[in-house]
Amino acid sequence: MKALVLAEHGGGTLKDSTLATITAATQLGEVTVLVAGQGAEASQAADAAAQVAGVGKVLLADDAAYGQMLAENVAALIVPLMDSHDALLCPATSNGKNIAPRVAALLDVMQVSDVLSIEGERTFTRPIYAGNAIATVESTEAKLVLTVRGTSFAKAEATGGSAPVESLTGAGDAGLSRFVGCEDSASDRPELTSAGVVVSGGRALKDAETFAAIITPLADRLHAAIGASRAAVDAGYIGNDHQVGQTGKIVAPQLYIAVGISGAIQHLAGMKDAHTIIAINKDPDAPIFQVADIGLVADIFTAVPELTSKL
Amino acid sequence: MKILVPVKRVIDYNVRPRVKADGSGVDLANVKMSMNPFDEIAVEQAVRLKEAGGAEEIVVVSVGPAKAADTLRSAMAMGADRAILVQTDETVEPLAVAKILKAVFEAEQPGLVILGKQAIDDDCNQTGQMLAALTGRPQGTFASKLEIAGEEALVTREVDGGLETIALALPAIVTADLRLNEPRYASLPNIMKAKKKPIDTKAPEDFGVDVTPRLRTLKVSEPPTRAAGILVGSVDELVAKIKDMGVVA
Numbered sequence: 001m002k003a004l005v006l007a008e009h010g011g012g013t014l015k016d017s018t019l020a021t022i023t024a025a026t027q028l029g030e031v032t033v034l035v036a037g038q039g040a041e042a043s044q045a046a047d048a049a050a051q052v053a054g055v056g057k058v059l060l061a062d063d064a065a066y067g068q069m070l071a072e073n074v075a076a077l078i079v080p081l082m083d084s085h086d087a088l089l090c091p092a093t094s095n096g097k098n099i100a101p102r103v104a105a106l107l108d109v110m111q112v113s114d115v116l117s118i119e120g121e122r123t124f125t126r127p128i129y130a131g132n133a134i135a136t137v138e139s140t141e142a143k144l145v146l147t148v149r150g151t152s153f154a155k156a157e158a159t160g161g162s163a164p165v166e167s168l169t170g171a172g173d174a175g176l177s178r179f180v181g182c183e184d185s186a187s188d189r190p191e192l193t194s195a196g197v198v199v200s201g202g203r204a205l206k207d208a209e210t211f212a213a214i215i216t217p218l219a220d221r222l223h224a225a226i227g228a229s230r231a232a233v234d235a236g237y238i239g240n241d242h243q244v245g246q247t248g249k250i251v252a253p254q255l256y257i258a259v260g261i262s263g264a265i266q267h268l269a270g271m272k273d274a275h276t277i278i279a280i281n282k283d284p285d286a287p288i289f290q291v292a293d294i295g296l297v298a299d300i301f302t303a304v305p306e307l308t309s310k311l
Numbered sequence: 001m002k003i004l005v006p007v008k009r010v011i012d013y014n015v016r017p018r019v020k021a022d023g024s025g026v027d028l029a030n031v032k033m034s035m036n037p038f039d040e041i042a043v044e045q046a047v048r049l050k051e052a053g054g055a056e057e058i059v060v061v062s063v064g065p066a067k068a069a070d071t072l073r074s075a076m077a078m079g080a081d082r083a084i085l086v087q088t089d090e091t092v093e094p095l096a097v098a099k100i101l102k103a104v105f106e107a108e109q110p111g112l113v114i115l116g117k118q119a120i121d122d123d124c125n126q127t128g129q130m131l132a133a134l135t136g137r138p139q140g141t142f143a144s145k146l147e148i149a150g151e152e153a154l155v156t157r158e159v160d161g162g163l164e165t166i167a168l169a170l171p172a173i174v175t176a177d178l179r180l181n182e183p184r185y186a187s188l189p190n191i192m193k194a195k196k197k198p199i200d201t202k203a204p205e206d207f208g209v210d211v212t213p214r215l216r217t218l219k220v221s222e223p224p225t226r227a228a229g230i231l232v233g234s235v236d237e238l239v240a241k242i243k244d245m246g247v248v249a
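Chain order of the listed sequences is A and B.
According to my numbering, the first sequence holds residues 1 to 311 in order.
According to my numbering, the second sequence holds residues 1 to 249 in order.
Here chain B stands alone, though its shape is the one from the complex:
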């Protein structure tokens, strides 16, 4: 089975984003960028399936600027075999990404697609579900456990009240939640080897996908700031404050 893993280059999760003064967006100039943390988990899961003999090839794909090639190299250093970069300098919305991924899905015919559950920049949580819809395949979102059992993928999902397990007919689309696994660090030899692995560069037009945004961002602003708080000196003072709130029966 071939596994397709879409990855996204995003602002590093440790960086506190700064809203631009003109309200046009978040300032990404000279900010550290990394692979979206959920996508690292998706790559790790694909590599583990391959190591367990459940997959022959792992193809990673990214839609983004030329620098997204670095993200693809990171994924190949973790164990992916080859990469596809769909290069564009536009901001591409989940629906357009899903359409590009659908075309890649049809060309590559993977048995499984593993995505991250959401990207930490737009926080949309849509692409995997949209890809599943467009390909007409079942979806296992927010996966914390994934097993291949014959012609089915068994996916344990993190849902609001606990966990639920569903069985999906393959090919299936799975999105990774945080607890699916602990992604590995790429070793130096693997980073060197990854430089020799192939990246096939394409453009959205190659897939006939129009990436013009459907939503217009009118402005981006800072969230309301909270008024400065106070420090109390003792538990007794804190008790008095809580009692004043009337939350104690």
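One chain only, chain A, in its complex shape:
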């Protein structure tokens, strides 16, 4: 089977989610990586993709139309490539989720979203009902279109490969949409979805200042990414790109520390695959304690600063 992987990249490097998607693709067959973008960043990302172990070929589409990964333009680029590929795999990131279903519909095939494991050439597992059930599905479609959950596959080795890079010209701008601007939440912390340690806060943190005063020092001490429950995000304690859960980011770090989070099913869907879960909550009946490996029933406003100072 010939598998095409849509790379997610930034700053001239591949995102971890792409490396995980390449691992999934190698389980299906020969791997070609498509890097769509603009300028030096795109060509650097293509060179990086060529170094990745297991990659057979890299296609580079360098055009202003692909600089912002607008779905209309990128989907139109991918569809003709599917004549010579059997499967498209995209990371299940906001980009991948945006583009892959558009491609699937243009190919008239059903997509398999958020693949957790590859059980056979056409058999996959995926979570449904906020991760409360796992479905095993078989696709008999002419072309496979998959989005891949990055935390469920090991990252492919970033070195060891030597794939050729071919330039590609697509149809360019479809003229349906244009990029206006963006607000990046700048952060020098590890990326939430790939961090080894995540410290998350919930509604109990009271307000943005308290959230920062309690959570940030602990995260600093552990070199952790900062996460949040939906309640904390909705209350404005922190930006929504920190939200962990069914509708936010899915994380599976080595260590997840949930501070003042009750553990609603929507939140658990985003973090229950963490290797070790620590919960600190004053309510001994909070559902978070049912999934926590280590629980501490305590007032977070005294316990967390004490924890930070003693680590």
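Some hints could be false.
Derived lysine-lysine pairs resembling DSBU-like cross-links, with alpha carbons at most 35 Å apart [said to hold, decoys possible]: (1) K241(B) to K310(A); (2) K282(A) to K310(A); (3) K155(A) to K57(A); (4) K193(B) to K282(A); (5) K143(A) to K219(B); (6) K2(A) to K219(B); (7) K32(B) to K197(B); (8) K145(B) to K206(A); (9) K219(B) to K155(A); (10) K219(B) to K282(A); (11) K20(B) to K143(A); (12) K50(B) to K241(B); (13) K145(B) to K50(B); (14) K202(B) to K143(A); (15) K32(B) to K206(A); (16) K32(B) to K282(A); (17) K243(B) to K310(A); (18) K310(A) to K206(A); (19) K206(A) to K20(B); (20) K32(B) to K20(B); (21) K197(B) to K206(A); (22) K155(A) to K50(B); (23) K155(A) to K32(B).
Calculated Cβ distances over 10 Å to all of chain B for the following chain A residues [claimed, not checked]: (24) Q27; (25) A104; (26) P190.
Hints in this document: simulated from the structure, not taken from any laboratory.
For every residue, glycine included, the Cβ atom is placed at its ideal position computed from N, Cα and C.
Assemble the complex: chain A is given as a structure, and chain B must be docked to it using the hints.
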């Protein structure tokens, strides 16, 4: 402008789903069902656009069993004007739903379609994108802000690294994220009025769409359960446990 809002009847988001013992699916018998939460946000946004003078009519559409009419009534109680129920007892996949919606789109000629970003039962996150593809229209997924500016829709999207704003030529397909708005509760008088609003009942065959599933579900199982954890009695004990893990530099 007319706004089309597809809505789905799903298990209520507060219910913990139970996997059937035979692995054939999730047990939905006697379980509370509600409008998909993201679809409520989509309906709310359409109603707000109408209230602001940006839309003349809101048409809600649902593909599902006869009971999906309740979901359409809820949407009309929130402010939608009329409804289309495409009735089928089959499980309809996003691609087939998108094909039905495409036919409705062509018949109704809306200026804007607002969907939820995903349904909380199948968690697919596909239908809006697929509808955009099939109609050849632009898509604004995961919208946290939506404005109509002349011939364009300005959509602020929730993306992994923050927010991005794109401009889409109308007609456009937009999918609602959680933070787009806070959906209103329907008042009792509005619930009563909604009973008089029309529901046009159709079948998938009326649109020439084959709803046979393309994916075969071999089994549905419980996720692996985590081993029982321990409670520690003090911060000092917790510190010792964390230090044992070797995550502290």
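Which numbered hints turn out to be false for this structure?
-> 4, 10, 12, 19, 21, 22, 23 and 25
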